[in-house]
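There are 2 protein chains.
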Amino acid sequence: MDKPIGVFDSGIGGLTVVKEVIKLLPDEDIMYFGDTARVPYGIKSRETIIKFSLENTLFLLQKDVKMIVVACNTSSSLALPVIRKHFKIPLIGVIMPGAKEAVYATKNKKIGVIGTRATINSGAYEEEIKRLDSSIKVLSQACPMFVPLVEEGWSNDDITMKIAEKYLTSMKKAGVDTLILGCTHYPLLKQKIQVIMGKGVKLIDSAQQVAVEVKQVLTQEGLLRREKGRPTREYFVSDEVAIFQKIAKRFLGADLKEVRKVSNV
Amino acid sequence: MDKPIGVFDSGIGGLTVVKEVIKLLPDEDIMYFGDTARVPYGIKSRETIIKFSLENTLFLLQKDVKMIVVACNTSSSLALPVIRKHFKIPLIGVIMPGAKEAVYATKNKKIGVIGTRATINSGAYEEEIKRLDSSIKVLSQACPMFVPLVEEGWSNDDITMKIAEKYLTSMKKAGVDTLILGCTHYPLLKQKIQVIMGKGVKLIDSAQQVAVEVKQVLTQEGLLRREKGRPTREYFVSDEVAIFQKIAKRFLGADLKEVRKVSNV
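Chains L and D, in that order, are what the protein sequence lines are.
Under the working numbering, think of the first position of the first sequence as 1, with each following residue one higher.
Under the working numbering, think of the first position of the second sequence as 1, with each following residue one higher.
Pulled out of the complex, with its shape left as it was, chain L reads as follows (with noise of 0.2 Å):
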């Protein structure tokens, strides 16, 4: 019988990468995880990082899912690491499929990254640039107010320009043509950072190329689903299904109806 691909996030933000791999894969079956009971994993150390991360692994497993996708930036960039040294299941992260596009994207090789206070202090997508090409020049940004923002619903407020200024001044002067949206919820902040950082400057959103590498995957091990009829969608969150509903509009479009409240631990 075909498997579910699992995918987990801190809460919300991982519905972007959902809506991608629902786009490139139509087909098959999805399990999403996210924990709101424990959201926000951005402000918080690595070791508790990681123990969320891998009781969200645990969590997926159980449901017998063919492979996870670790839709969270803060998890990608500090426990990916730690769940591909335990287990065998077949595992994407947002790291790398963002860094390997921005390297692709980059002509003056100058690129941003902006996420989490955890992801930028992590290093992760520093790392995994300077593997793929040492001589590109990456400059940082913690932006912790960008997701509070979202949540509240202003990203079309003045007040997020203002922020969002605040945060991406110093970038803008660097002169980066590239600039990584490293945290789910950035993308519904787009507009707003496009016109900050100018025209010219490309902001990547990795969830397209996780889709991307959640296809080839599946196609190396010979994982697509092979069953006919509707597949399946199932979410499961750790908090309250209303709340959860509320915002996954937002990023969504579209209301969520199959969503069930779980413990994880």
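It should be emphasised that the hints constitute simulated quantities derived from the structure, not laboratory data.
There could be a bad hint or two in this list.
Pairs involving identical chains hold if they fit within one copy or between any two copies, as the list cannot separate such chains.
What the hints assert, rightly or not - Calculated pairs, PhoX-like style, for lysine-lysine (alpha carbon to alpha carbon, straight line, at most 25 Å):
1) Lys107 / Lys199
2) Lys246 / Lys51
3) Lys109 / Lys199
4) Lys246 / Lys166
5) Lys166 / Lys261
Place chain D on chain L using the hints.
Below, chain D without anything else, positioned relative to chain L:
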């Protein structure tokens, strides 16, 4: 043997309460727990807030405290009634003391309340105020951006002024003469809030009044510390100690040394 006063909070904000308790009761032993691995509570559901708060209560009970102060407004609003139902230990929350002080302070019988989304949605302050004086009009406003602003260290930034204006203007226009700062982070924004609300508006930070209640209950129950010698102060957190210490300095204005990481679940 004398036992410590237990205090818990979703994270770091409860230190404002600890500060006032120490000021009023300098000889008391104190044991603090901050659930920094699962912070914040204010964006989560009633069920999850109750679950976490019961776990924190059990943690402190196992440490053999003589009383528990629920220093978190969100926990006090939603979980205190449940904790009180199940446990025998003397309990003090932050809602009743704040409400009492506000009712005492108001002259025009219009009180404003600001807090996290969970606190405001619970209606706990309004209920408590109406119980004391049903003729008082209560206006409430959730301010979800205030906690991230304080934790980002932007308390004195212009952006904070803009955000505070956005949240508070309608309350100012409605003419409240008393405003309850219904979240332990908000006293750090007192200056800005006072400028927006105007000098005539009394801001209520319940920490002092909570300390008064703690003293009263300990006296009534014959639980004041009898031993001589320097009191102990122990701080426990569920995430990394260093992150807590860094932000704690903003709340206490001093370094916090005796902090240990523990698991509360």
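Do the hints match the structure? See the list:
no. : hint            : verdict
1   : Lys107 / Lys199 : within (15 Å within a copy, 56 Å between copies)
2   : Lys246 / Lys51  : between (28 Å within a copy, 22 Å between copies)
3   : Lys109 / Lys199 : within (17 Å within a copy, 54 Å between copies)
4   : Lys246 / Lys166 : between (29 Å within a copy, 22 Å between copies)
5   : Lys166 / Lys261 : neither (38 Å within a copy, 34 Å between copies)
Going down the numbered hints, you'll see the structure goes against just number 5.
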